[in-house]
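A.B. asks: For reference, the chains in residue letters:
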Amino acid sequence: MSRPVKVSITYCASCGYEPQALSLTAALLNTFTYDLSSVELIPWEDGSFDVVINGDLVHSMYREGGFPENETIIQAVRERLAD
Amino acid sequence: MTVTQERYRQGMSYDAYKAQMTRNADRFAANEQAVVLSPDDVAFFASLTPPLYTLVIAEDWCGDVIANLPILGRLAEASGTIDIRVFLRDQNLDLIDQYLKEGKFRSIPVFVFFDHNFRELGHWIERPTSWTQKLNDFRNELFQREPALKDFSPDTSPAQLPEEARNVLSQARATFRTENQAFANQAVVSEIRAIIEASLASKERSA
Chain A
1 MSRPVKVSIT
11 YCASCGYEPQ
21 ALSLTAALLN
31 TFTYDLSSVE
41 LIPWEDGSFD
51 VVINGDLVHS
61 MYREGGFPEN
71 ETIIQAVRER
81 LAD
Chain B
1001 MTVTQERYRQ
1011 GMSYDAYKAQ
1021 MTRNADRFAA
1031 NEQAVVLSPD
1041 DVAFFASLTP
1051 PLYTLVIAED
1061 WCGDVIANLP
1071 ILGRLAEASG
1081 TIDIRVFLRD
1091 QNLDLIDQYL
1101 KEGKFRSIPV
1111 FVFFDHNFRE
1121 LGHWIERPTS
1131 WTQKLNDFRN
1141 ELFQREPALK
1151 DFSPDTSPAQ
1161 LPEEARNVLS
1171 QARATFRTEN
1181 QAFANQAVVS
1191 EIRAIIEASL
1201 ASKERSA
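Residue numbers (my numbering), protein chains in the order written: chain A, 1 to 83; chain B, 1001 to 1207.
A hint or two may mislead.
[Unchecked claim] So these bits of chain B aren't anywhere near chain A, every CB distance computed over 10 Å:
#1 Glu1006
#2 Glu1032
#3 Thr1049
#4 Ile1066
#5 Asp1083
#6 Asn1117
#7 Thr1129
#8 Lys1134
#9 Gln1144
#10 Gln1171
#11 Thr1178
[Stated by the list, open to error] One side only, chain A facing chain B, incomplete, derived with CB under 7 Å:
#12 Ser14
#13 Val39
#14 Ile42
If you are wondering where the hints come from, they were derived from the structure by calculation, not from laboratory data.
For each residue, glycine too, the CB sits at the ideal point set by N, CA and C.
Let's have the full structure, built from the sequences with the hints guiding it.
C.D. replies: Rendered as structure tokens:
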């Protein structure tokens, strides 16, 4: 049985990034439902949009620039579920 | 593509912008009231040949707009030389895409200054460099001294911090911002003034 996968999304609330955070959350829940242990939304600031899966930073707006494609994050979750 | 004076005039006045805000109006007003301008800065801006056309790109959900646009508003009021026209970023992507931070980020607020002949003098984006540095220094120091944070690098994403550590960081940042608001406000005025002074000095040399 695959280990539970937790996704944490830090988004800059003062930058108006809620739509992107909610879109990614909906995509993850629609795709994986009970395979996720949780999706954590963290309102932050400083222009951040970070996605962490089981403690690994898989997307950082500072590092990669811009928002991640939902499909990229879905694929990263799939890989961890397959571990 | 440059901003024409005709396009500039399509922007909202400062008061019209405030009137259409749907959120953060109270914080905006409180920040406006908290601004203290030095007589020297007011005298400098008052000495400029009016008007100093100032194109602003903003949104009312943005913390840096709530913090920094009121400073420009107070400076305009005190100096009597600054004409402000505000454009909402998400409805004017052609404007914001001319003033991207580091060439890629649609950061706001953006202040673009034009002289009385509508020649561009320069622009300012988001927040003062010195304030960003001060925030970074504070964050580094906090991660060294705070027990909940000292096992982590200051570069750690908030999403990778335990909830307790994240709450400590969030609270400490909020307190630091409140205690250093005067520094941050003065840094905005100083940077704007430096942009205008440098541009005017450059024009004088080339005249």
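A.B. asks: Which numbered hints are broken by the structure, listed smallest first?
C.D. replies: Hint check: 4 and 13 fail, others pass.
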